[in-house]
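Asks: Each chain is listed here by its residues.
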Amino acid sequence: MSAPLIEMRGITKSFGAVKANEAVDLSVAPGEILGLLGENGAGKTTLMNVLFGAYAPDAGDILVEGKPVAIRNSADALAAGIGMVHQHFHLAPRLTVLENLLIGIPGKSGRIDRAGGLARLAEIGRQHGLSLDPNLPVSALSVGEQQRLEIMKALFRGAKLLILDEPTAVLAPSEVDGLFAALRSMAGQGLGIIFISHKLNEVRALTHRCVVLRHGKVAGRVDDPANTTSAAMAELMCGHEIVPPTKAASAPGASVLTLDRISTAGHAGTPLRDVSLFVRSGEILGIAGVSGNGQRALADVISGMLPPRAGTMTITGKTVTQFAPRELQALGLGRIPEDRMTTGLVTNLPLADSMVLPRIGTKAFSRKGLLNPAAIRAFAEEQIKAYDIRCPGPMVRAGALSGGNLQKALLARELAFDPKVLIVSQPTRGLDIGAARFIHEKFLAMRAKGCGIIVIGEDLEELLMLSDRIAVMYEGRIAGTLSGAEATVAKLGLMMTGAGHTEKAA
Amino acid sequence: MTAVFEQIFQVGFLAAIIRIATPLAFATLGEMFSERAGVLNLGIEGIILLSAMTGFTAASLSGSLWLGVLVAVLTGMLMGAVHALFTVALGLSQHVCGIGVTLFSSGLAYFLYRLIFGQQSVPPSIKGFKPVAIPLLSDIPILGPAVFSQFTLVYLAIIAVPLAAFVLYRTPWGLSVRMVGENPRAADSAGVSVIATRFQAVILGGALMGLAGAFLTMAQFNAFTFGVVSGRGWVAIALVVFGRWDPWRSAGAALLFAFVDALQLRMQASGLGHIPYEAFLMLPFIFTIVAMAFMSRNAVAPSALLKPFRREER
Chain A
1 MSAPLIEMRG
11 ITKSFGAVKA
21 NEAVDLSVAP
31 GEILGLLGEN
41 GAGKTTLMNV
51 LFGAYAPDAG
61 DILVEGKPVA
71 IRNSADALAA
81 GIGMVHQHFH
91 LAPRLTVLEN
101 LLIGIPGKSG
111 RIDRAGGLAR
121 LAEIGRQHGL
131 SLDPNLPVSA
141 LSVGEQQRLE
151 IMKALFRGAK
161 LLILDEPTAV
171 LAPSEVDGLF
181 AALRSMAGQG
191 LGIIFISHKL
201 NEVRALTHRC
211 VVLRHGKVAG
221 RVDDPANTTS
231 AAMAELMCGH
241 EIVPPTKAAS
251 APGASVLTLD
261 RISTAGHAGT
271 PLRDVSLFVR
281 SGEILGIAGV
291 SGNGQRALAD
301 VISGMLPPRA
311 GTMTITGKTV
321 TQFAPRELQA
331 LGLGRIPEDR
341 MTTGLVTNLP
351 LADSMVLPRI
361 GTKAFSRKGL
371 LNPAAIRAFA
381 EEQIKAYDIR
391 CPGPMVRAGA
401 LSGGNLQKAL
411 LARELAFDPK
421 VLIVSQPTRG
431 LDIGAARFIH
441 EKFLAMRAKG
451 CGIIVIGEDL
461 EELLMLSDRI
471 AVMYEGRIAG
481 TLSGAEATVA
491 KLGLMMTGAG
501 HTEKAA
Chain B
507 MTAVFEQIFQ
517 VGFLAAIIRI
527 ATPLAFATLG
537 EMFSERAGVL
547 NLGIEGIILL
557 SAMTGFTAAS
567 LSGSLWLGVL
577 VAVLTGMLMG
587 AVHALFTVAL
597 GLSQHVCGIG
607 VTLFSSGLAY
617 FLYRLIFGQQ
627 SVPPSIKGFK
637 PVAIPLLSDI
647 PILGPAVFSQ
657 FTLVYLAIIA
667 VPLAAFVLYR
677 TPWGLSVRMV
687 GENPRAADSA
697 GVSVIATRFQ
707 AVILGGALMG
717 LAGAFLTMAQ
727 FNAFTFGVVS
737 GRGWVAIALV
747 VFGRWDPWRS
757 AGAALLFAFV
767 DALQLRMQAS
777 GLGHIPYEAF
787 LMLPFIFTIV
797 AMAFMSRNAV
807 APSALLKPFR
817 REER
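First to last, the protein sequences are chains A and B. Heads up: the first sequence begins at 1 in the working numbering, then just goes up one per residue. Heads up: the second sequence begins at 507 in the working numbering, then just goes up one per residue.
Don't take every hint at face value.
As the list claims (entries may be wrong) - Here chain A is said to cover these stretches of chain B; the calculated rule only asks that three of the stretch's residues, wherever they fall, bring their Cβ under 8 Å from a Cβ of chain A: (1) 608 to 616; (2) 667 to 678; (3) 695 to 703.
To be clear, the hints were calculated from the coordinates, so they are not data collected in a lab. Treat the numbers as computed from the prediction; the structure is a model and nothing was measured. Glycine included, C-beta positions come from ideal geometry on N, C-alpha and C.
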């Protein structure tokens with residue numbers, strides 16, 4: 001194999017007291033797909049941001065084709081032939097595809113070089129089979145198309161090394177196949193690719209070699225990912241063996257949450273139509289369905305943010321008259337929302353504030369209308385310890401935490417108050433194995449304590465593993481409910497497409 | 507009633523609209539460039555006033571009107587750079603800094619004016635720009651005398667609109683401006699300096715605001731008074747929203763406002779004397795508020811407007 005395209009030596013980078021990277025070595029050869037594995041917060045994204053010039057490393061060298069280079073900003077990185085597709089796309093939604101491609105490209109005689117851009121675009125299409133309508137505004141593109149545009153942007157600038165930060169997290173399974181085909185073709189033409197992920201099956205299917213990070217350091221290297229077991233890689237990532245959680249036999253008690261013929265009016269997404277369901281104490285009810293079939297409305301009704309137009313809801317035997325989050329909470333409802341960043345917590349405030357926000361007016365955290373900062377801080381510190389939330393402390397800005405740690409914080413804040421009913425949406429989206437396992441264990445522990453849990457999710461494997469019963473939503477209705485024993489991916493998949501729905505309605 | 511209408515709609519009326527619209531067009535385009543790059547410049551009112559003063563002073567002392575215009579433009583650029591220093595380089599609140607720039611610039615303008623000219627019962631005046639008729643074009647009936655027999659600065663404003671549109675939509679720099687106003691992180695990752703682009707846009711905006719000031723004291727009033735700007739800067743901020751951050755629409759908004767303003771001036775002068783003149787004076791502003799309420803509902807501001815850019819923030 002030829003000399004490495006990129007080599008990073010002894011990279012160290014700290015954020016305040018947190019060492020995000022410590023003495024990391026890594027190299028990529030032309031035509032090689034390197035997997036960069038690690039749990040959330042292990043330092044993958046930081047390392048790549050150092051390579052792309054977004055952060056300056058505290059120590060260490062970067063070599064491009066054997067020559068040391070100083071990458072102070074993304075312009076330097078681009079000049080060195082390094083392109084990056086960020087997890088959160090760097091596109092301007094109101095500008096067109098072509099404008100997003102041409103940004104930062106010098107024009108021709110003072111004008112934007114449209115013709116040159118279109119020619120280059122056609123060339124990329126021929127070479128790698130990637131194409132998009134250049135005149136569409138980015139806001140009209142699907143997520144998969146926006147990602148394609150990001151890759152095209154890197155190629156447009158002549159990238160020799162392409163960094164993809166968790167590219168599959170936002171894609172549907174069919175889109176993942178297309179992405180992998182494109183990446184293999186690019187590697188075949190001599191591009192180096194760094195593929196960041198924590199999905200082991202993807203890494204095993206795609207990459208030639210892997211580097212595993214843990215707590216900012218290289219925990220191990222895998223030279224033959226295709227023939228290495230997921231369990232072995234997971235162990236490298238987490239530092240310990242991963243055992244699937246044991247689930248005790250179910251012993252459901254009385255119903256703790258009942259929805260009776262609930263319908264909702266206009267709502268972002270599909271409204272609910274005549275939805276009836278129940279959860280008993282000590283039971284986990286999974287809600288499956290293709291996203292956009294009323295799951296959002298269901299979660300909003302149950303958490304009290306959307307009053308239904310018709311129907312009744314009962315929590316722990318009491319009929320809900322006032323649909324407001326605080327009332328439902330008082331009845332024993334806990335809620336973990338789908339979008340951690342917007343409805344979960346306040347990213348610009350200290351973590352401790354977000355952790356007590358739903359109960360800020362209660363005696364535990366305030367007295368006579370004044371906040372009790374000591375109690376708030378103590379509560380947050382206690383939970384940070386109990387849930388192993390990795391952060392510099394309770395007063396850190398909540399937005400600075402990684403996804404897995406945020407989810408732990410949200411879980412901690414709800415579970416600390418022993419909810420009788422818990423409603424969670426997409427509990428492990430974007431989380432790595434270790435964090436997901438932690439969340440699952442907590443759910444099962446709550447179930448054993450007699451809490452009734454509703455898990456709304458798209459990951460069928462996860463629902464099958466957790467649930468005692470699974471209800472499938474289709475076009476705002478419950479298309480059917482299966483017991484955990486009879487449910488399979490195939491049966492659920494069929495119900496999710498609406499098959500059997502007419503039978504039910506008849 | 508017909509007599510009133512006849513009195514209002516003459517050739518002179520059209521010419522008045524163009525004259526009133528000129529400083530507004532400069533100011534609106536200036537504010538637009540700044541906001542497209544993501545920087546609200548509430549310093550506009552003060553920047554126009556200070557430029558009007560420095561330009562007038564330079565013209566009055568040197569006798570050269572064009573030197574006055576140059577000084578006004580440089581003043582606008584300098585104050586734009588000051589605003590950018592606080593809001594772009596230091597990332598401070600754009601609202602607070604903008605108001606600060608307006609207060610500082612206004613105070614400085616009054617202070618320097620008193621220092622240089624002292625207190626006089628009749629404010630000193632200069633011989634301002636004379637209208638320049640463009641051959642052939644000025645012979646067109648109605649349009650000729652109204653549009654093509656104007657001050658050179660008016661023609662400059664007319665040229666500035668398509669030029670601004672060209673720069674914004676057709677040049678790499680204009681694309682960078684739009685990109686840093688929409689998603690600075692995207693511009694940064696494409697190797698565009700967000701800080702430099704924003705500085706340039708705010709300074710260009712300041713230059714255009716300077717031209718607005720120069721027009722007021724060297725073409726329209728030929729003197730500097732403390733009320734010479736009288737809210738035109740604030741109006742320009744509304745017109746940018748009304749014009750949806752687009753050069754053509756912004757210029758159209760300026761014309762529309764000028765139309766209402768010219769109309770109320772004529773109405774004051776016409777036979778409607780039993781209505782207090784203050785009522786007419788309010789008309790353009792009421793129009794602005796109503797127009798804003800109805801027309802700007804679905805106007806979408808640049809996504810990164812008001813948001814400072816810092817690179818190492820996670």
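Asks: Compare the structure with each hint and give your call.
Replies: Structure-based check of all given hints:
1. 608 to 616: Coverage by chain A is violated here, the residue count being 0 at a Cβ distance below 8 Å.
2. 667 to 678: Coverage by chain A holds for the segment 667 to 678 of chain B (3 residues, Cβ < 8 Å).
3. 695 to 703: With 5 residues in contact (Cβ-Cβ under 8 Å with chain A), the coverage given for the segment 695 to 703 of chain B holds.
Hint 1 from the list above is the single one not met by this structure.
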